[in-house]
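Undergrad: Please model the entire structure based on the sequences and the hints provided.
FYI, the numbering for the sequence shown is 124 to 317, going by the numbering used here.
Simulated from the structure, these hints should not be mistaken for lab results.
Fair warning: there could be bad hints in the mix.
To be verified - Each pair of labels, with its calculated beta carbon distance range:
| id | residue 1 | residue 2 | range |
| --- | --- | --- | --- |
| 1 | Asn272 | Asn300 | 16 to 22 Å |
| 2 | Glu280 | Gly163 | 16 to 22 Å |
| 3 | Gly277 | Gly301 | 30 to 36 Å |
Stated by the list, open to error - EDC-like, lysine to aspartate or glutamate: derived pairs with alpha carbons at most 16 Å apart:
| id | residue 1 | residue 2 |
| --- | --- | --- |
| 4 | Lys314 | Asp257 |
| 5 | Lys162 | Asp237 |
| 6 | Lys292 | Asp273 |
| 7 | Lys162 | Asp236 |
| 8 | Lys162 | Asp215 |
| 9 | Lys154 | Asp257 |
| 10 | Lys314 | Glu153 |
| 11 | Lys292 | Asp306 |
Each residue gets a CB set at the ideal place from its N, CA and C atoms; glycine is no exception.
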Amino acid sequence: MACAFPEDDEKEAILKLAGLTEDANKEEGEKKLVAVGNKGCGKSSFIQCFLTEDRLYPEYVIPELQRKEIICNGQTLKIVFREMPSSDSEFDVDVRARAYPGSAGVFLCFAIDDRQSFLDIPKWHEEAKKYVPDAKFFVIGCKMDTRVNDLPVGRKEGKDMGRAVQAVKYYECSAVNGLHVADMCLIIEEKLRS
124 MACAFPEDDE
134 KEAILKLAGL
144 TEDANKEEGE
154 KKLVAVGNKG
164 CGKSSFIQCF
174 LTEDRLYPEY
184 VIPELQRKEI
194 ICNGQTLKIV
204 FREMPSSDSE
214 FDVDVRARAY
224 PGSAGVFLCF
234 AIDDRQSFLD
244 IPKWHEEAKK
254 YVPDAKFFVI
264 GCKMDTRVND
274 LPVGRKEGKD
284 MGRAVQAVKY
294 YECSAVNGLH
304 VADMCLIIEE
314 KLRS
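TA: So this is what it looks like as structure tokens:
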């Protein structure tokens with residue numbers, strides 16, 4: 124009989140790779156950010172583009188915890204990114220429950236070309252708010268290069284969703300062509316400092 128939950132050793136190895144164990148290597152002064160959203164919404168590509176400030180191939184996947192330093196106005200902000208698994212499996216729910224605490228910011232991601240991922244933003248917000256009520260929330264419309272005539276999700280709808288979940292800001296970006304990602308780095312850095 125197949126087990127839906129990884130064996131203890133395998134589970135511990137996965138959690139260690141994700142930086143979610145007691146002995147996880149944490150740097151002093153880091154601000155942790157997490158990204159959540161439906162599978163395939165563009166979280167991995169968005170994060171990698173944010174980290175490298177370069178456009179990507181859409182199939183790129185982040186295997187582990189990622190770090191970046193942002194320097195603005197002579198001050199350095201250390202951030203650590205963690206992409207969250209998106210299924211409702213017992214294991215993924217457990218990983219998310221361990222990853223949220225201590226997060227300074229949460230990226231609520233959806234794909235502009237996937238209306239269901241947009242409609243699920245309140246679900247992700249509710250889950251994250253339970254673990255990090257004081258975090259700053261950002262709604263991120265990924266894959267903006269796929270939008271045609273304001274469909275399936277228009278910019279106004281995205282802004283309205285941002286207000287509905289009391290996000291600090293709504294952004295749209297494209298990791299494929301790097302559009303608006305570098306600008307977001309500076310604005311997010313400013314919002315995390317305030």
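Undergrad: Hints first: check each against the structure and report whether it holds.
TA: For each hint, the structure was consulted:
1. Asn272 with Asn300: 16 to 22 Å: For Asn272 and Asn300 the Cβ distance comes to about 19 Å; the hint holds.
2. Glu280 with Gly163: 16 to 22 Å: holds (20 Å)
3. Gly277 with Gly301: 30 to 36 Å: The hint (30 to 36 Å, Cβ to Cβ) is violated, given that Gly277 and Gly301 are roughly 22 Å apart.
4. Lys314 with Asp257: holds (13 Å)
5. Lys162 with Asp237: Roughly 11 Å separates the two Cα atoms, so the pair holds.
6. Lys292 with Asp273: Roughly 19 Å separates the two Cα atoms, so the pair is violated.
7. Lys162 with Asp236: Judged against 16 Å, a Cα distance of about 13 Å means the pair holds.
8. Lys162 with Asp215: Holds, at roughly 12 Å.
9. Lys154 with Asp257: holds (13 Å)
10. Lys314 with Glu153: Measuring from Cα to Cα gives roughly 15 Å; hence the hint holds.
11. Lys292 with Asp306: This hinted pair holds, its Cα atoms lying about 13 Å apart.
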